[in-house]
Structures are given as C-alpha cells and as structure tokens.
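4 protein chains.
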Amino acid sequence: MSGNSFGTLYCVTSFGESHGPAYGGVVDGCPPGLALCADDIQVELNRRKPGSSRHVTQRRETDTVEILSGVYEGRTTGTAIGFLIRNEDQRSKDYSAIAEKFRPGHADYTYWRKYGIRDARGGGRASARETVVRVAAGAIAKKWLKQRYGVSVRGFLSALGAIAIPFKSWQDVDANPFFAPNAALVGQLEKFMDELRESGDSCGARVNLVAQGVPVGWGEPVYGRLDADIAGAMMSINAVKGVEIGAGFQSIGQKGSEHGDEMTPQGFLSNNNGGVLGGISTGQDVTVSIALKPTSSIRLPRRTIDTRGAATTIETSGRHDPCVGIRATPIAEAMLACVLMDHALRHRAQCADVTAPGKFPAG
Amino acid sequence: MSGNSFGTLYCVTSFGESHGPAYGGVVDGCPPGLALCADDIQVELNRRKPGSSRHVTQRRETDTVEILSGVYEGRTTGTAIGFLIRNEDQRSKDYSAIAEKFRPGHADYTYWRKYGIRDARGGGRASARETVVRVAAGAIAKKWLKQRYGVSVRGFLSALGAIAIPFKSWQDVDANPFFAPNAALVGQLEKFMDELRESGDSCGARVNLVAQGVPVGWGEPVYGRLDADIAGAMMSINAVKGVEIGAGFQSIGQKGSEHGDEMTPQGFLSNNNGGVLGGISTGQDVTVSIALKPTSSIRLPRRTIDTRGAATTIETSGRHDPCVGIRATPIAEAMLACVLMDHALRHRAQCADVTAPGKFPAG
Amino acid sequence: MSGNSFGTLYCVTSFGESHGPAYGGVVDGCPPGLALCADDIQVELNRRKPGSSRHVTQRRETDTVEILSGVYEGRTTGTAIGFLIRNEDQRSKDYSAIAEKFRPGHADYTYWRKYGIRDARGGGRASARETVVRVAAGAIAKKWLKQRYGVSVRGFLSALGAIAIPFKSWQDVDANPFFAPNAALVGQLEKFMDELRESGDSCGARVNLVAQGVPVGWGEPVYGRLDADIAGAMMSINAVKGVEIGAGFQSIGQKGSEHGDEMTPQGFLSNNNGGVLGGISTGQDVTVSIALKPTSSIRLPRRTIDTRGAATTIETSGRHDPCVGIRATPIAEAMLACVLMDHALRHRAQCADVTAPGKFPAG
Amino acid sequence: MSGNSFGTLYCVTSFGESHGPAYGGVVDGCPPGLALCADDIQVELNRRKPGSSRHVTQRRETDTVEILSGVYEGRTTGTAIGFLIRNEDQRSKDYSAIAEKFRPGHADYTYWRKYGIRDARGGGRASARETVVRVAAGAIAKKWLKQRYGVSVRGFLSALGAIAIPFKSWQDVDANPFFAPNAALVGQLEKFMDELRESGDSCGARVNLVAQGVPVGWGEPVYGRLDADIAGAMMSINAVKGVEIGAGFQSIGQKGSEHGDEMTPQGFLSNNNGGVLGGISTGQDVTVSIALKPTSSIRLPRRTIDTRGAATTIETSGRHDPCVGIRATPIAEAMLACVLMDHALRHRAQCADVTAPGKFPAG
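Residue numbers (the numbering used here), protein chains in the order written: chain C, 1 to 363; chain Z, 1 to 363; chain P, 1 to 363; chain S, 1 to 363.
Hints may be right or wrong, so weigh each one.
Stated by the list, open to error - Cut-off 20 Å, straight-line C-alpha distance, at most; resulting in silico cross-link-like pairs (SDA-like, lysine to any residue):
1. S/Lys255 x P/Ile117
2. Z/Lys359 x C/Gln188
3. Z/Lys143 x P/Arg308
4. Z/Lys255 x C/Arg197
5. P/Lys255 x S/Ala164
6. S/Lys255 x P/Asp321
7. Z/Lys255 x C/Gly200
8. P/Lys255 x S/Arg319
9. C/Lys146 x P/Arg308
10. Z/Lys255 x C/Gln188
11. C/Lys49 x C/Pro21
12. S/Lys143 x Z/Ser127
13. C/Lys255 x Z/Gly200
14. P/Lys255 x S/Arg303
15. C/Lys255 x Z/Ile163
16. S/Lys359 x P/Glu66
17. P/Lys359 x S/Ile98
18. Z/Lys191 x C/Gln254
19. S/Lys359 x P/Glu100
20. S/Lys255 x P/Arg299
21. C/Lys255 x Z/Thr313
22. P/Lys143 x Z/Ile117
23. C/Lys359 x Z/Lys143
24. Z/Lys359 x C/Arg303
Hint data in this document are derived by calculation from the structure and do not stem from the laboratory.
On a predicted model such as this, the values are computed, not experimentally measured, just so you know.
Start from the sequences and build out the full structure, keeping to the hints where you can.
Here it is, written out as structure tokens:
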C-alpha cells in the first residue's frame, strides 16, 4: 500500500503514468446486479477529456475505456471491476528539455527526492491525467447511488482566477466547457482565458459540489466522519489546496445563533453545516467547495535547480491546461461519489437493522 | 471498523463518551526504545484541559492519564500502548432537559437517526471531550518526531470570531490561554469572550499549524498524499469545517508565476504550497489552517424538533466552551503530529534504501 | 498498525502485558441496539479463566471485565466498545531467573531481536494471557451472531497429546475442565495430565470448532475468503501450528468423487469442504480443526543462550499451563465468532440487495 | 474492498475471470530502484502455465504479461505496478452444459447464492486461473527479497494423492513437471496420473514450502503474526484446505521437551517451530505445508441441483487439471514471497532504528 488505493468498502486502485502505455484501475466492492457497460463510464470520461475546448490542454486522447472484468451479460457480478484506458498521444520528447530540471510548484522535485528516480515524461505518476481512473470509478459510483438511493452528485466552477461565478442553473453548467453555472459570464471567462494563455501564465479556480438525496445516517463518528473522508478525497486531487464543507471558512466569523441550522418537522431551515453533523449526513444537500492552485507548468521563465542541485531557469512548453480547475468538476464529482458510495455500504453493514425511531424530515 | 481508528502504521484507536466512566485509546506501531512516561502525555493533556481559564468550559477534569501497556522500564517496547483517562466530573442530569431534543448544529440528531439510540449525556461519543485521546496519541508522536527527526509541530489561534490575530511570536502563544500568537491582542480577545459569554452565544475560530523540520519525501502519491491525510485528519476534529494547506483558498486568485515556489540551491524562495508538492513533503515548513465553527450548545433559544419529530425550542445550559477553537490548538497539533509520524514510518518502509541522488537543499 | 488489531468491519484492538497493570481492548463496528452487559462477556472469560482445575496454570485471576464505553442503558450504541481487565496476580519476580535467557520454543528470543527490548515478565505481550481480549470480543460476536442469525459457535478438545478424543456430545464438553466431548475419557485425561505435570514436561493438543447456522453467502472471493480469514485468525492464537477446514489434510488422499460434497434439494450429502466453497459459506456447518504445540515453559532443563548470546541452560518454574490446548477452546471459538461476524457485516454491506434467485436448501 | 486485495505495505490487487478478456493486477508498495522487466515475471508465469505436460489442463495460454506502469527505464519507480495477462483460449461454450447446474465441491453454488448472479464460464472469478496474478506479484517479491535480503522462496510437491514424495534435492524439483523433489518417483507419479485421468476422477496433493535466509525479526505480535498472515495467504489459494507451519499437526503428539527448539551460540538445534516464534521470524528456514483438495470438475457423474433448486446430475468435461496441486507449487511460493516482503517492509517501518543488542546466531 503506497497511496494508490482509496476507500474502505468501495475501493478503487489506480495505476498508470502520463506517457506510459495505459492508465487503469480496479474497483472492488461494487454490489452485484448493477447494469453497467463501458458507455456508462465513457460519458463521464468525455466530460473530463482533454481537447474539449481551446482553453484546456490540446493533447489528443479519446480516453476510451475497456472493461476487463466484473461485468457479465451487462451486470456487475460483485467481483473486481478492472478497466483500462490506453494512452494514445504520448510525446515523451516534449519533456527532454525539462527532464533534468524541477518545475516550481510541481511534484517533479519531491518524487525525485523521495524515490531517487522519476519518470520525467509529463509528470509520470504525478500527472493529473491519473484522474481518468477516478472519473471512471466515480461513474460507477454515481450510477449506483442514483439507482439505489436517488442520490445525484454534481459540481460547477464557482470561480476562475479572481472571477467569481455565482450559481444560476444546472442547465448552464452543462452548456459550456468551463462547467460554469452562469451562461452570461462565459464570454468573460473566455476572454480571461485567452489573455492568460497569451501571457504564458496560469490561474487557480474554485469548484463547488452538491450531493442531493443523501439519506440521513451516512458517515461514522470520530475519525471516519463523512466530511473527513470527503476532505481527504478532495485534497488528494491534483492541485487542490483547500476544502470546505458547508459554510467552511465563513464559519469562523459566524455566531452559534447564526451557524447552527434550526430544525422544524419539515426539515432544516438552513444548511451551514453542509449536510453533515458530527461526521454523519443529515439528509440535506452535502455541499463542498475546493480551491485549486494554478498550473505549475507555465511558459514564463522561472528560477529553479536541476537534478544536480545547481541553479538554472525553466520555461515549460508542452501541452498543459492553463487552469486545471476547468476540467476539475467531473473529477471532484467522481471523488465525492466514491466517498458517498463507500459510506453507503459502510452504513448498511453496521446499521442495516436500525429502524427509524420516529417520524422525521425526509432524508 | 466504524471510524474509531486512525492511521496506517502509526495507528490510534479511541473509545469513550463524555459522561461514561472513561476515555482511552490504543497507539499501535510506535517504534521501540522511545523514552516515554505518563508525564510526556500529561503535559499535552494539560494544554487542552478544560477549566484553564474563564473562557472555556468549567467542567473540572484533571485528565490524568494512566499508561496501561507498551512501556517497560521507561521505554516503549514496540507493542500496543494502551492508556486510560477517567472522567471525574460527569453530571448526567445536566442533560435531562435536552435528552429528548436535538441541538441545532449538533450531532445529536444524526447519531439518533443513524444508530436509533444515543447516549444523550453531553453528546456521548460526539463530545469534543474525545479529543483527549487524540492529544495523548499526538504527544507520543510529537516526542518521537522531535527526537528522531528534529520535527516540531506547533499551532496557534489565528482568528477568534471576526478578530484576526497576526502572528508575532511562539513565546506569545504559550503565554495566554487562547494560544494567541500576539500578546498585545489578548485584552481584546478577553473582552470579546466576556461579552460573548454574557450574550449566551458562541463563535468560530481559525487555528494555524506549522510543522518545522519535516524532511523531504514524506507522503505518498495519488490517494495517500500527505496533504490528503492531513486534510482528513483535520476535518475529523469536532467543529472543523474547512482545511487549507499553504496558500489554500488564496491560490484561486493567484497566477502560476506567483504561486509556484521558485527554487535555488539554498532552498525555496516562498512557500505557497505549504511544504507539500504532489502530496510529498518538500522539506519546507508544512503549513495548515483550519476553520472551526461556533459551538452548537448555546443558551439562546432556538427552534428544533424532539425525538418524536415534533416542533419545540431548545436552550442549552450545561457547561460548554463558547468557542471550541480556543482549546483546538493542541488538538490540531496532535492530529498533524500523528499524520506526520504515520508517513515517516510509511516512507521508510518503502524508501529506506533510497540514497540522495545529488546535493540538495536541506530537508 | 503493528499487529494489534484484527478484522475489517468488526474490528478488535488489543493491548496489555502479562504482568502490566491491565489488559484491554476496543471493539469497533458492533451494530447498535444489541443488549449487552459485563456478564455477557464475563461468562465467556470464566470459561477461559486460569485456575479452573489443577491441570492449568494456578495464577489467580478473576479476569473481571469492566465495560468503559459503547453501551448505554444496556444496549450497544454503535460506537467503540472499550473494556478493561485488570491483572491481579502479577508476580514479576518469578521471572528474574529467566529474564536474561531465552526459553526454547518461546517468543522471548524473537521479541528481543525484533525490538531490542522486551518485557520479560511472563512473556510480556507474547503471553497467552492476551487471549482474554479475544474472548471478550468473541463474547460480543457470539451474542450478536446468535440473536441476529441464529448462529452458534462451539468447540471442543479433540486430542490431548497423543490421546484422541472422539466427539460424543456437547453436554459432555461443558461437564469437564478439558472441554472434552466425551465424559468417559476424562479419567484418562486427568491421569495423563497428572503424570505430565509430575514429569515437568508439557504436551500439545487439538481443538475442533463447529459454527452452526451460518447462512450461505458469507465470505469474499480470492484473498478475502472466509476460510482464509479463519486460518489467519486461528494461526494468530498462541501456540497454534496448524489449521484445517473441513476434511483438511485428509483431502490430500481423497479422490474428487469422494471429496466433492454432492447436493440434493434437501441439502448437501456430506461436508468435506467444512461449510466453505470458493471462500464463501455454503450454509452447512463451518468446521475447523487446529493444532496447538506444547507449552514452551517447562521445568525440564534445556540448552539455550542468554541475552549476550552465550550458551546456558534454562529451567522454567513459574506458573504455566502444561498444555495450553486445554484452555484454548473458548479462545478459538472467540476468534471464529469474530471472523464470522466480520463477514456477516461485510456480506450485507455489498449484497444487502441480493434476493434469493430460486428455491434452495436452507442456509 | 471485497477480497481482491492482499497485503498491508506490499499490496496486490487482482481482477479477471477465466473466460473474460484478461487478468491483471496492481502491485503497490514495491520499493523504487529494483531492476524489473516483463521477463522477470514471465519466467515465474511459465512455471505455472497450463499445458506444460499431459497431466495438467490442456488449455492453451501463453500467459504473456505486459507491464503497464511503475517501471521506468528498467527500474521500479516506487509507484503502482500495473500488469495485464490477456486470456487467449477462452471456450465459453464448453460451459453451456453446466451453466445451469452446480458442481459438487465447486464455488459455483456459493457465488450464485451470494451474488444472485455468476459468470458460469470456467468458474468465472472463482477459477484457479486467477492465480496468474498471484504468481506475477510473487515474482516481483521474490526478486526483491533475493536482492535485498538474500531470501529464497522455494516449494515442492510432497504428496500426490496418497503417494508421499520424500525430499531428495532442489535439482530434482526443477527437472519434472510435478515439482517433485525426487526424480526416482516421477515414473510412479506419471503412471498414477495417467490412470487417474483415464478414470475421470481427480486427486488431492500436498505442497511444502521453504523460505531460506529470512532474517530474525519479521512479523508482528498478536494478530499480525508472520505465520498468521502466511496461513491466511495459503488458505486463500484455490483448493487449499489445510496449512501447517513447522511441525504443524505433529506438534499435537509432541512433548515440550521435544518440540521446543533448543538454542546454542551457533544457532537452533532443530526447527519444529518452522522459523517462527510468537509470530516473529527466528532466522531459521520458514517451513510451510499445505493440503490441496481434489479438483471438483470431474467427468464422473455426480448428484447435484440446478439453478432452480431441482435435483439433477452433472458430468464436467471441459479442460481441467485432474490435480490442481501439480501446478500449485509456484502459486504457493508466490504467496509466501508476498507475505514475507510485506513483513520485511512492515518491520523496517517500525524497527529501522533497532540495533542488535548483542552477538547472536545469524539471521
């Protein structure tokens, strides 16, 4: 175990490097009987796929998934689901110029120091291309959560650099390559990205997530909190530097009389807690917000050192997303779906026999 | 496994309820030969102890720890370290008034719905009093990290409600009951707390953490990132709603040319990444910031429902911290120390034979 | 994690040493709502207790268990169940004579070499006294399995040294201090033990286990097989050197036409597989047999080395079971119960929605 | 997590079905810098490969392995090693005759009942063909153990049905398709197998394993014992019904004065404990013996039920090993190697700083 598996009962194991032959993964613990085909996964991979607009990396990958096991006659069998996504557009030579240098803000340096060896081609294992595996695993989780519990997991880009993007509608999210929830702002975002790309620089972003329909009771006390697992899952996504649940950092300035969500027989009157109390879901929307840092591979020259420790400068050409946050929405959704599914299974393992002790708000 | 254990190789298991006979824990995986006595743990428990000032709960607990195993003739043996902290000041009847109601913003409701049963006395398992176990486990981790790797893990209160507390010195942190890093502000903080307590309300807080001396290379790729484990650990602390590493949410508005920490043969020129790149420590300070929500148990009346689902109101008297953030500093330090120790062990398991491939900045 | 926890969803963590202040444990994952009190555990501890006859160690321990958490108003709450068993009859000085020597066949040597330090008093952590924790955890598992699924887990002594003890009845098992299933042989066993004790030597034993009422479907494929987990659990018991499921080693000499258990609409016609096929329970009795080696602490002189590596001899007086197998029955039952409960929870996590695809034999 | 992963720090995840497109696996936790190529794995796969003699299944599989990640320029990088073995000789229609029936002694029935669905083609996930993944993972472990610690892991067939095969030499083992350690008996074994095949029946077998060069100190106390993990790993192999360490079941009839291995400054004088005391390696050979049941797929007619629960009979043609034990030697070696490597890493995580406390026998 060295960090390539994730989840307790819905467990995802991932492998692959940016310029190796393939990425792939194993999903273990999926309940049997779920209708599943490659298209169920492909549709989510396509949302994350590079080359979908001029604002993201121009690497050409179809990201075609092949299911290798765990599905028989169109249904999951309950055994391990292996899947493979071949790399198609490797250009290892793109990286010869930087193979001996470390990009500021990149994992180049830490992998080199930790392992004494690194695959310098496109970041190797550290590449954000690894997120194809997460999206594939998340696609299965999303389908199961929807069918079994009516849970939907969705996200949107809530800030691109300094531009805040207020939520207007889920329709808007699907109608532009930014996952921006407000069509009126898309022109501004495009202009911003064009100028950014032109300048050779990169920018950060914020992505918000909402899981609707989560029943009350998912999550475990103390260390196994639903929100703790969500926080870990989010922070494991490349470039993420911050995670909030519900009111998040705004909680600092709130009074208890403002923050604590009052209850009525019809349900909660607010959702500062983001659908989680004491680490256990309340039945409200689970709301999450994450901060993504700007891409570290930029064209602007920067001071760094080389693999012998000597001072040098670096300019990264290659094909990189000027804002990794743009494609982060389906990735973050996938991670949230995996955590929720894991806790759905964990909850029913222990509490399958609990009967509702009274009449309560839905959830 | 239902959420009461934490860590892969340095593993902490916790039990106990606020008004049960005792809290306790088991630390498994501590290397043998570490000099350890109850005082090493007690000193950290005392930092977290209730009743240390008028600004925190007046529950009287000595929080005296008894080591039950794993230490022989003053040294750890490498076997499980069991320890016990008896509760001394239970007042279960304090809770009879609210036993049939749910406090807004409290885990009362979710425990009840998840398990169909709950120990209503002082929050039962959901009580923040559980953090004694974390602090005890963290004390051992702190000692080992210091002795073996020269790592120090410290924290401070960086905001109390809306009052930001700029860092002045570590000496200041130790000199006041708020862990405030700026003695000049203590008068303002006390006044704020006195008014808050008077009003029957509560407030949030921010705590910052710094781990110094962490060598380069701790942390694992993909899902086992050091920062992912830190985020999960922090979000598992009662009342935490947000976690940042390094520049955190400020990364959103940064350009890549600003965020990416440049390197020279003497070291990094900035630390936006908070000492972690690609999930692996860089050798810089590991910096973390967390948001704590206001206490949910307040005297002000609030709308809620009872255990039959009927509408009612609730006013919580009892003995509660009006700001759980005030005592959160040693707790958050403990969690960070546990994560770091876990990764120190994980790193040397896999990479014990890696020899430095060149001459690099310290770390 | 250094070997002191056990189980995936029904997870037991153990601590304590033979001559330290106490043993204790934490059971995590128990479903809420189970009626539980100290007596439920005590009754099983009493079956394992030392001093129950002249044939076992004369150490005087009441093995009184105190439940510290996880139970409220007589029912489990779903949170961690902590419990404590104080040592009462430590006699550390008994061990001064052997503190600098290694007993042949004992863990003395390996602990010393692994950790560079050891608690020499009574074997320290290696003492079979640790099994109190297993028995306590198993008592809870037994109760839940019985109430929820009607599963019973029982065992008996099937051989004492070279004396085979054919099964006659469960009544006989309960009627003698050997857990021998055949009252007619008890006189012979007593005579054998008296002579053995007289001679200063020790002997091995075999214990058989039967779990009745296990439903079909518990266990997971490939590495998570029910029988694999049983084998690991059994071999983790002090002194166990062999484990068989069903026909066990007799399978070697069987033909497929003899071994493979035929089926009819009324059920299986034999049980060579011991209730497990492909790692998954069949609905038949789960049958297990284990071999226990003779106690390593004997009065007869033996060649060994001391802690400086020099040749010496050793004679162990102290208070030891001349046959650890005699008290092993409740211990092995406990481990089997824990594994079954773990798999019961794991099974319903993944397969809660599977509906019987046809009409099949019970189980 | 549903049973398809194995190991704590050297962690193997497996997927694939007998008649699906491919088997594959992910090895996580391998130290960086190990020279590794497909041939290192292929040589072990070839030892296990079907069709190597007339005595095993005639399915034609080259079992060609493709490494997909984790290796760069011929060395492991420390990241996840993904690998793939395509199935080439699927004949799903072979199974149409038995798709609606359950083979006595086969996992057919339990998978069907557990999951409510099964891939009937060749046993699906229950097929012993899954062991290609184990052998591949074991090949990496063997290479690392040899290079880093000088450990060798070898096995041999010690009984074929009722025929015991006394050990003569390791040269003999490599010189016949049975892995029999005694060339003089090969003629007898061939005659036995020819008659068995002719009869349409199958037989059991025993395989012995020896790990040489294991240093003292590997293994953890209590539940994480080296022998407990070995027992679990062995029992997880298809058809295994019994596991012994050292003297195993013979320990029952031994006296303590006979069983306990005496020590001298030159080392142990015997090895009844099989190289493990208290769950920790002694530095002696680790010796293991396993019992494999006869193949359940036989041509002889047997009583069974069908998927509607009705009585019927079954005769299994297809291509099956009449004795799965013949090809089990490399599989069992692989599992032992994986367990040893896992414990090597676990040991150095916790005990890297332990210095030898004196002068002791090698190991």
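Quick rundown of the hints versus the structure:
no., hint, result
1, S/Lys255 x P/Ile117, "violated, 30 Å"
2, Z/Lys359 x C/Gln188, "violated, 47 Å"
3, Z/Lys143 x P/Arg308, "violated, 30 Å"
4, Z/Lys255 x C/Arg197, "holds, 12 Å"
5, P/Lys255 x S/Ala164, "holds, 15 Å"
6, S/Lys255 x P/Asp321, "holds, 13 Å"
7, Z/Lys255 x C/Gly200, "holds, 10 Å"
8, P/Lys255 x S/Arg319, "holds, 18 Å"
9, C/Lys146 x P/Arg308, "violated, 66 Å"
10, Z/Lys255 x C/Gln188, "holds, 17 Å"
11, C/Lys49 x C/Pro21, "holds, 17 Å"
12, S/Lys143 x Z/Ser127, "violated, 50 Å"
13, C/Lys255 x Z/Gly200, "holds, 10 Å"
14, P/Lys255 x S/Arg303, "holds, 16 Å"
15, C/Lys255 x Z/Ile163, "holds, 13 Å"
16, S/Lys359 x P/Glu66, "violated, 44 Å"
17, P/Lys359 x S/Ile98, "holds, 18 Å"
18, Z/Lys191 x C/Gln254, "holds, 18 Å"
19, S/Lys359 x P/Glu100, "holds, 14 Å"
20, S/Lys255 x P/Arg299, "holds, 12 Å"
21, C/Lys255 x Z/Thr313, "holds, 18 Å"
22, P/Lys143 x Z/Ile117, "holds, 19 Å"
23, C/Lys359 x Z/Lys143, "violated, 50 Å"
24, Z/Lys359 x C/Arg303, "holds, 17 Å"
The structure does not agree with the numbered hints 1, 2, 3, 9, 12, 16 and 23 stated previously, though it agrees with the rest.
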